[in-house]
Amino acid sequence: MLEKYNTAYQRYLDKIASVGSTEMVINMGPQHPSTHGVLRLELITDGEIVKDVIPHLGYLHRCFDKHAESMNYGKTIPFTDRLDYLASMNNSHSFVMGVERMLGMEDKIPKRIEYIRVLVCELNRIASHLIAIGTYGIDIGAFTPFLWCFRDREHIMNMLEWASGSRMLYNYIWVGGLFYDLPVGFEERCKDFVKYFKPKLDELDGLLTNNQIFIERTANIGVLPADVAINYGCSGPMLRASGIKWDLRRIDGYSVYPELEFDIPVGQGLMGSVGDCWDRYKVRVDEVRESLKIIEQCVNRLMSDYARLPDFDPRALVPKKINTGNQSYYVRAENPKGELGFYFETKEKTDIPRRLKARGPSFNNLSVLPELGKGVLIADLIAILGSIDIVLGEVDR
Amino acid sequence: MIDKILKHLQAEFGVQSVALLEGTKQDTVVVPKEHLVDVCKLLRDHKEFYFDFLANITAVDYHPENRFALVYNLASLPYQTQLTIRVELPMENRDENNLPEVPSVSSIWRTADWHEREAFDLMGIYFTDHPDLRRILLPDDWAGFPLRKDYKDAESYHGIKIKGE
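Line by line, the protein sequences are chains A and B. The working numbering puts the first residue of the first sequence at 1, with every later residue one more than the last. The working numbering puts the first residue of the second sequence at 398, with every later residue one more than the last.
There could be a bad hint or two in this list.
[What the hints assert, rightly or not] 25 Å max Cα-Cα, derived DMTMM-like pairs, lysine to aspartate or glutamate:
#1 B:Lys422 to A:Glu106
#2 B:Lys546 to A:Glu69
#3 A:Lys66 to B:Asp449
#4 A:Lys4 to B:Asp526
#5 A:Lys4 to B:Asp449
#6 A:Lys66 to B:Glu462
#7 A:Lys347 to B:Glu462
#8 B:Lys558 to A:Glu106
#9 A:Lys75 to B:Asp550
#10 B:Lys438 to A:Glu290
#11 A:Lys66 to B:Glu552
#12 A:Lys245 to B:Glu462
Everything labelled a hint here was simulated from the structure, so no lab data went into it.
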């Protein structure tokens, strides 16, 4: 390789080597529990102050892009499940939408299928946010919310396992349809869950949201101004906590979201300033409430207008052979963590794409960390990292 | 909307240089790499377009042709519009000492920093004026660019066999 392709790496080595005698280089991770997976942060510290953060990624790189170039779309769906493995339904929903739009069949999908997709996606969104909230509590020293969140998440996991046969990696949403219709009694169980979960959420609120210790640790910490958030490509709760009402479920109005009523919570700086860690946490809690609203509406419609019919086949429209022709298409959807995008570039007469690139929201959200982490205390860096809510499966792909 | 953008860009940079890509479902503008930074700056700052959100950068390999392409997916938050920019990179050969060179847009959108590092890491595209163009997903001493279609696995990495028996 030419010398100039390596200069940045040399610069980095020089930077580490020239750390002053009052400073120290600390490796946080890759096995640190607060990095939520295998992320390594190289910190240059002066006492307790973080001078610089250098993230090192790739410990969980599983070559998603390369795999996707060697198999057809149906076979790629299980791989998309493993991107953000806490919200597999949302991943495959977005991917499947992209393929369906390339085929021009997005309007032909029966309403019942779309409602089931939204229902399972919102259930998965709650599960993902519960992890975010619970592990965020544990990051800054509150153990109980973690146990409560995992207890309630387990109900969702069991329900989705009942529907798809798998606990976390579902492969349930297919191009043109679904793996199976919902099991008999699923709608009732959803209703029971909503009834059970609403008071639990209030309990959680009482334990964490208004907890003075929690507020001290998160309010006014890691304030992310809206313009910086946009410039760094942050999306999802990160962007909304900075006060920008940007939710692709409303902006793009994909699937049946235009027919559903829900609000988009944004950060208001109730405990500190807009865009701090507390706001990011609060937006997630509020989103869980909105998701519950969506689930209730979906279940009601699945039991009335789009009720189960004996001869309904959710695989009826699944194409035997997918041929999209020569196309390029970028699809985006609102994942629990932000905008998940897939860029497709396809060829003639084959169902294998030339190029498929996944744009993970965590990847972009994480890239703002060096900016937020400059000049904060090491303990606050943990609070900031936790509030970003990354999943390394999606950062490294 | 797209006509307006196209007209504006063509008035600024010449009719020959900026073109609309036909046959796509999403609006795509093809831009030569000399004008890329100026086009991006204009699209971000112009108050009628205001593409302030760079969603994604993809590098595409057109093996067996000696040709690469970069695709930039932009979005405008205030206007709720989307736009795709495309830069074609024809090459004479695929030599590892002759990487395709493109000016970096990380001074316009900071998020481009990591996306461009990924394109460098996996596809071997060199971004000039990038502040920190290191590999991002692979180890710093990795050889080759694995997302290229003509990539061959090395025998071993630090004594670890790559291909199984």
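Each hint tested on the structure:
1. B:Lys422 to A:Glu106: With Cα atoms ~14 Å apart, Lys422 of chain B and Glu106 of chain A stay inside 25 Å; holds.
2. B:Lys546 to A:Glu69: Since the Cα atoms of Lys546 of chain B and Glu69 of chain A sit roughly 9 Å apart, the hinted pair holds (cutoff 25 Å).
3. A:Lys66 to B:Asp449: Given pair Lys66 of chain A, Asp449 of chain B is violated - Cα atoms ~30 Å apart, limit 25 Å.
4. A:Lys4 to B:Asp526: Answer holds: Lys4 of chain A to Asp526 of chain B is near 12 Å, not above 25 Å.
5. A:Lys4 to B:Asp449: violated, 31 Å
6. A:Lys66 to B:Glu462: holds, 19 Å
7. A:Lys347 to B:Glu462: Judged against 25 Å, a Cα distance of about 14 Å means the pair holds.
8. B:Lys558 to A:Glu106: violated, 45 Å
9. A:Lys75 to B:Asp550: Cα-Cα ~23 Å, so holds.
10. B:Lys438 to A:Glu290: Status violated; Cα separation ~38 Å.
11. A:Lys66 to B:Glu552: holds, 19 Å
12. A:Lys245 to B:Glu462: With a Cα-Cα distance of about 44 Å, the restraint between Lys245 of chain A and Glu462 of chain B is violated, given a limit of 25 Å.
When held up to the earlier numbered hints, the structure conflicts with 3, 5, 8, 10, 12 and fits the remainder.
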